[in-house]
Amino acid sequence: MSLILNNIGRKVSRNWIIRNLNLRVENGQCLALLGPSGCGKSTTLRLIAGLDKPSEGSIILNDKDITSISPVDRKVGMVFQSYALFPHLSIAENLLLGLKIRGINLPEQQRRVSNILSLMQLEGYANRKPSDLSGGQRQRVALARALLREPMIYLLDEPMSNLDAQLREELRTELRRLILNKDKPVVYVTHDQHEAMAMANRIAVLRNGELEQIGSPEDLYHKPSSLFVATFIGRPQINQLTNENKIIKAIRPENIYLDDSGLECKLIYREWLGNNQLWLLNSPKGNLRMLCDASLSVPERIQISWSKNHEHLFNKYDGKRIY
Amino acid sequence: MNLILLLPASCLIIIIFGFPLIRYTWLSFHASTVVTGLEPIANNGVNWIRLISDQRFWQDTFQTVRFAALSVTLEIILALIIALILDQRWRGRGLVRSITLLPWALPTTIMALGWRWIFNSPYGPIEQFMQYLNLNPLNILSNPKVAWLATVFGDVWKTTPFVAIIILAGLQTISNDLFEAFKLEGGKPKEALIEITLPLLMPYILLAIIFRLAQAFGVFDLIQIMTGGGAS
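Top line first, the protein sequences correspond to chains A and B. The first sequence begins at 1 in this note's numbering and counts up one residue at a time. The second sequence begins at 324 in this note's numbering and counts up one residue at a time.
Isolated chain A (complex conformation) (with noise of 0.2 Å):
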């Protein structure tokens, strides 16, 4: 049981918006689809939903050809970014509607709305426009909606981008608990690499409407398969070192460590980030970022270093991984 991308092509007038993309999904798992605005991401999640047409390639899902069936009978739960509740109606509403639609029997509508409301936490919403709850509880609303669809798939389209930080965390929470146990495939939509990284089993990076690379988050950090996707995993982010020839060495900056017989730098400023600390230094290759423990004062002279097993090297001419 699984969710399958056949190289899937959307084109739009002349442009491809996406193309050539392989992808599987098993149930159970999350696939994160990570990158800048405009790399298709969004494109890619409305073609899994039906929204969207693909142009070339097939959707399989659980071993069935969806690519022509309408977004209605491919029964997905999607939680939109805008989380398009229906402003006019309550939150009780809001989620009977689907229901009523699908023809379930009243007593049956009322007990699912009372029950999923029970596990969101949001009783005392019932009969509130979403107009009077604060952005965490219309995402719930949200996610309210997609569970009671009973769907076969999930589709999270940038689901916390309208919310501070701290409801994310908590919000990632409810998450993992509601959506991510369920064994059904999900498809995270966002462009912040940290939630990404914390929420999904495998990552696909996509670049300008192609699969950059697709793996496990710990694959993505050590071994990425381009300087794009090690520019856009890890923060603070990685260093780029100047270099004469065809390579560019690429260095993370919590890989860098004090050393007597290493580099010798001049501090520009440090960042304080709480359980530890950011140095830009000046280095002869360049400014380089080094991230190092809280505790740590800075010597008369810096000098640094690091280990060549940490050292990313890339293509100079179309940044791929050489090493």
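Since the hints were made in silico from the structure, they are not lab data. The beta-carbon is built from N, C-alpha and C at its ideal position, and this holds for glycine as well. Don't take each hint at face value.
Stated by the list, open to error - In silico lysine to aspartate or glutamate, EDC-like type, Cα no more than 20 Å apart, as pairs:
1. K511/B to D52/A
2. K506/B to D52/A
3. K53/A to D500/B
4. K100/A to E503/B
5. K182/A to E26/A
6. K511/B to D73/A
7. K129/A to D500/B
8. K11/A to D52/A
9. K53/A to E503/B
10. K266/A to E300/A
11. K506/B to D73/A
12. K506/B to E93/A
13. K506/B to E150/A
14. K75/A to E503/B
15. K100/A to E514/B
16. K513/B to D73/A
17. K75/A to E514/B
To be verified - Partial selection, computed: residues in chain A whose CB lies under 8 Å from chain B:
18. A49
19. S82
20. P87
21. I101
Since the structure of chain A is provided, determine the placement of chain B on it from the hints.
The following block gives chain B in isolation, referenced to the frame of chain A:
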């Protein structure tokens, strides 16, 4: 404090609306003519009694209400259909949107003259067509039973675009996500119109109704030019 801030605006409203309203109400219970030396003299509501017992007053009121109700109803229905069509994506939509507004941009006098010519008997195109078919002339504008419908026709033609633009503006505030969410829930386009579009358009439709009723109750130029006041 809040009330103090409201004071300047309140003063203006009282001077412009409040004072004349009270003054006229007061005057309506008085006689003030050359005979009275232009001094208002209380006359125990004789003005009002004359108004209420005047056959023409009731007839005119009836005419006005009938005109306003029919034309505004037709305008809302037509404008809703036009707005829904103009909201869809199709080739040349921008051009059609601009053309749709033209009737509204015309001065009422000009367009009323136009309609008077179209409905003219016996030289207007409609009567010419009736002659061509060897049918009796309709005498549209001189027959009180039909003339008022001709004025409704002219009013609807002119102001439907205005209502359509208001409703179109409302339509464009509705996020497409709502329709897609509805579709994913299994809703059909026809159900979306009833469950989402119309309820969310209500504020805009009400606004259009208020604007249009206010204008329709005060309509004068259109009727005067098309029928010379003969519609009543």
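Do the hints match the structure? See the list:
no.	hint	result
1	K511/B to D52/A	holds (17 Å)
2	K506/B to D52/A	holds (12 Å)
3	K53/A to D500/B	holds (17 Å)
4	K100/A to E503/B	holds (17 Å)
5	K182/A to E26/A	holds (12 Å)
6	K511/B to D73/A	holds (13 Å)
7	K129/A to D500/B	holds (18 Å)
8	K11/A to D52/A	holds (11 Å)
9	K53/A to E503/B	holds (14 Å)
10	K266/A to E300/A	holds (10 Å)
11	K506/B to D73/A	holds (10 Å)
12	K506/B to E93/A	holds (16 Å)
13	K506/B to E150/A	holds (15 Å)
14	K75/A to E503/B	holds (13 Å)
15	K100/A to E514/B	holds (12 Å)
16	K513/B to D73/A	holds (18 Å)
17	K75/A to E514/B	holds (19 Å)
18	A49	holds (7 Å)
19	S82	holds (5 Å)
20	P87	holds (7 Å)
21	I101	holds (5 Å)
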